[in-house]
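Q: Sequence:
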Amino acid sequence: MRKVVLMSNLTTQKAKLSNVIDQMIEEAQRTGGPVVRHLDEDITLTYGQIKYLNQHNCKLYLKDEIGVYYYKADGPGKIYKERI
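Numbering-wise (our numbering), the sequence shown opens with residue 1 and increments by one.
It should be emphasised that the hints constitute simulated quantities derived from the structure, not laboratory data. Check before you lean on any hint, since a few could be wrong.
Derived DMTMM-like pairs: lysine to aspartate or glutamate, alpha-carbon spacing no greater than 25 Å straight-line [said to hold, decoys possible]:
(1) K16 to D42
(2) K14 to D40
(3) K81 to D40
(4) K14 to D42
(5) K81 to E65
(6) K78 to D40
(7) K72 to D40
(8) K59 to E27
(9) K16 to E65
(10) K14 to E65
(11) K51 to E82
(12) K78 to E41
(13) K63 to D42
(14) K16 to D64
(15) K51 to D22
(16) K16 to D40
(17) K59 to D74
(18) K72 to D22
(19) K16 to E27
(20) K63 to D40
(21) K51 to E27
(22) K72 to E27
(23) K63 to E27
(24) K63 to E41
(25) K59 to E41
(26) K59 to E82
(27) K51 to D40
(28) K72 to E41
(29) K72 to E26
(30) K78 to E65
(31) K81 to E41
(32) K14 to D74
(33) K78 to D22
(34) K63 to D74
(35) K14 to D64
Just so you know, these numbers come straight off a predicted model, no measurement behind them.
My request is simple: use the sequences and hints to build the entire structure.
A: Set out below in structure tokens:
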């Protein structure tokens, strides 16, 4: 199984994010999806990670000081938070 490529410095937060994404993808492959997860954290996803989640019918909801959001990407460099 392909691993999600993370941004340079592998911090605890990014390692945790990688684990969450891997678990979601595995569940989606097993069940056919969709797979939704909620994390009570404000985490920046890369375009590759967003695309990877979308390809596998997975959606990751995150939380910041304003509320809950997920990432949408119209292409590399065109990433934005979509509020729910």
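Q: Which hints, by number, does the structure contradict?
A: Checked against the structure, no hint fails, so every one of them is satisfied.
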